[in-house]
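Let's have the full structure, built from the sequences with the hints guiding it.
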Amino acid sequence: MRNPGLYRRRKSWNGMFLMLSVLAAIFGIVWLAFILGDLGYNGLSSISPKLFTMITPPPNSEGGLLNAIVGSLMMSGLAVAAGTPLGLMAGTYLAEYGRHGWLAFFVRFVNDILLSAPSIIIGLFVYEVVVRPMSHFSGWAGATALTIIVIPVVVRTTENMLLLVPNGLREAAAALGAPRSRVIRIVTWRAARAGIVTGVLLAVARISGETAPLLFTSLGMNFWSTDLNQPTASLPYVIFQFAMSADEGWHKLAWAGALLITATVLALSVFARILEKRS
Amino acid sequence: MADAALTENLVATRADTVRRFGRRDAGFRGLTGLAALLVVAVFAGVIFSLLIGAMPAIQKFGFSFITSDAWDPVAENYGARASIYGTLVTSIIAMLIAVPVGIGIAIFLTEICPRPLRRPIGIAIELLAGIPSIIYGIWGLFVFAPQFQQTLEPWLIAIFGKIPGVEALFAGPPYGIGIFTAALILSIMILPFISAVTRDVFETVPPMLKEAAYGLGCTTWEVMWRVVLPFARAGVTGGAMLALGRALGETMAVTFVIGNAHHIQGSLLAPGTTISATIANEFSEATTPMYQSAIIELGLILFFITFVVLAAAQLMLRALERRTGAAR
Chain E
0 MRNPGLYRRR KSWNGMFLML SVLAAIFGIV WLAFILGDLG YNGLSSISPK
50 LFTMITPPPN SEGGLLNAIV GSLMMSGLAV AAGTPLGLMA GTYLAEYGRH
100 GWLAFFVRFV NDILLSAPSI IIGLFVYEVV VRPMSHFSGW AGATALTIIV
150 IPVVVRTTEN MLLLVPNGLR EAAAALGAPR SRVIRIVTWR AARAGIVTGV
200 LLAVARISGE TAPLLFTSLG MNFWSTDLNQ PTASLPYVIF QFAMSADEGW
250 HKLAWAGALL ITATVLALSV FARILEKRS
Chain Z
0 MADAALTENL VATRADTVRR FGRRDAGFRG LTGLAALLVV AVFAGVIFSL
50 LIGAMPAIQK FGFSFITSDA WDPVAENYGA RASIYGTLVT SIIAMLIAVP
100 VGIGIAIFLT EICPRPLRRP IGIAIELLAG IPSIIYGIWG LFVFAPQFQQ
150 TLEPWLIAIF GKIPGVEALF AGPPYGIGIF TAALILSIMI LPFISAVTRD
200 VFETVPPMLK EAAYGLGCTT WEVMWRVVLP FARAGVTGGA MLALGRALGE
250 TMAVTFVIGN AHHIQGSLLA PGTTISATIA NEFSEATTPM YQSAIIELGL
300 ILFFITFVVL AAAQLMLRAL ERRTGAAR
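Protein chains in written order, with numbering that gives the first Met the number 0: chain E, 0 to 278; chain Z, 0 to 327.
Calculated directly from the structure, the hints in this document are not laboratory data.
Note that the structure is a prediction, hence the values are computed from the model and not measured.
The beta-carbon is built from N, C-alpha and C at its ideal position, and this holds for glycine as well.
Keep in mind that a hint or two might mislead.
Chain Z side only, calculated, beta carbon under 10 Å to chain E, not exhaustive [unchecked claim]:
id	residue
1	R23
2	R28
3	V41
4	L49
5	W138
6	P191
7	S194
8	E249
9	T254
10	F255
11	A279
12	F306
13	L316
In structure tokens form, the structure reads like this:
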């Protein structure tokens, strides 16, 4: 040991920084545990069968979230039904046809920007192109906004998953005389199916909590209505509206809705993870 | 004779089939290309619709929209300064907290954590990164802000309020809600994202490099600081920029706790607003065309800021991808 002082100093720096990173981990995990704990505590105490059988109440009375749950399901369902094929096709273009072309490069760039662009901007856009011409808020507008959020997620995962398919599979199918579109539909899509479904599940998880793009597209609706031509209730909007109010009962419903959304999102991501692992 | 006719027939059908395949191929290719163009069309549509919507405000206020901090719906006089200030300040504070802590968590996960715990904690963090922001918002409003007001905030005021130089930043009564509260909630929200990305990037560092450094007698900290971090710099920066893009545009986690006050106060503890919070709070109540137009111009500014940040993040991550791709 030529220089014990240096050795000691290095060792103590090491100890200090490792300690700091352990503290960082504890700090971060404790906060996140707090959030989940508070959510579970406040949410579970407000969960009851009434949530699923009654609609959102006027202040100071009993009620549930039925209309919001149904509205959310309708709009998310439409968004996935419209966004999945579009995203799938665009992702296929990027992975199978465009690959290194300038158009594919540009689409990829734009898609990744849309993927993380602020969702409230999407809300403003849909307001300008759907709500303003129709001159009223509607479930259709909300579904459009959610579709625009679904597409980039599906495009990204589809491209990534198709690129993982070994080229040998494509070549084998082509050698058998299958035309390219057939190779893609029967071989590549099928080989990448689990991954693509994972992407769709992640897209559903993403939109089930999106609030900002619904604020001025679908707005909210405190009555029973399945007419998508009207303003439509949704869970995130109800949470926003009820949490900002002063009514105790509304606060409880907001917590219950928050717990429902978190449980849905976590369940979807866990399921997507299992599926991804199996493929 | 019959044979020849049959062959001719076969050749004809075969040519037919090939042509049909060709047409279908072209059709399918065209469809995928159209879908890809649709993505570009949406992007262009966002920019154009915001530009058109913002035009009245751009024409009326010009450049002074950005520098003015007026926000007076009665007099129809609008300025974006308070909103832009809030957006930038909350995001910067959130990054100052979340980046070091996130890197700390990533170091913990890759080097220190006992092996059996690595995967579960890693997965938990990834799952947390997917929790919708409104959950952070409602938690901030009902749980964090009241606690913060009673405990941490008076303490911050007592300590930092006396230090010359920063006392103005921590002046005033503890409101509970305000710029600093919003920044703290944002930092908790982007923390799982930063940790997950950083851990992924750390795992791309070739073990050989680390082992070589350990072999030279480096301590764990020296390996992290001199080998892993320099190697992972581009990826970590790119991931942090993506997180910054999220923080800048985040709406729901901020709107609940920012206080919606349209003037810049020196104190970080005072209520303020961000671009996204202003849009969320006021757009559906904006009754006059000029009011709406001003808010849409705010949206345009936000889109521009996030575009620059996200584009930079992408370029960094792309460069990284090429590099690791070449290394394989």
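Each hint tested on the structure:
1. R23: 6 Å, holds
2. R28: Because about 6 Å separates Z:R28 from the closest Cβ in chain E, which is inside the 10 Å limit, the hint holds.
3. V41: 6 Å, holds
4. L49: 6 Å, holds
5. W138: 5 Å, holds
6. P191: 7 Å, holds
7. S194: The hint holds - Z:S194 has a Cβ within 10 Å of chain E, the shortest such distance being about 7 Å.
8. E249: Holds - the Cβ of Z:E249 comes within 10 Å of chain E, reaching about 7 Å at its closest.
9. T254: 8 Å, holds
10. F255: With a minimum Cβ separation of about 7 Å from chain E (threshold 10 Å), the hint on Z:F255 holds.
11. A279: Interface hint status for Z:A279: holds (6 Å vs cutoff 10 Å).
12. F306: 6 Å, holds
13. L316: 9 Å, holds
Of the numbered hints stated above, none is contradicted by the structure.
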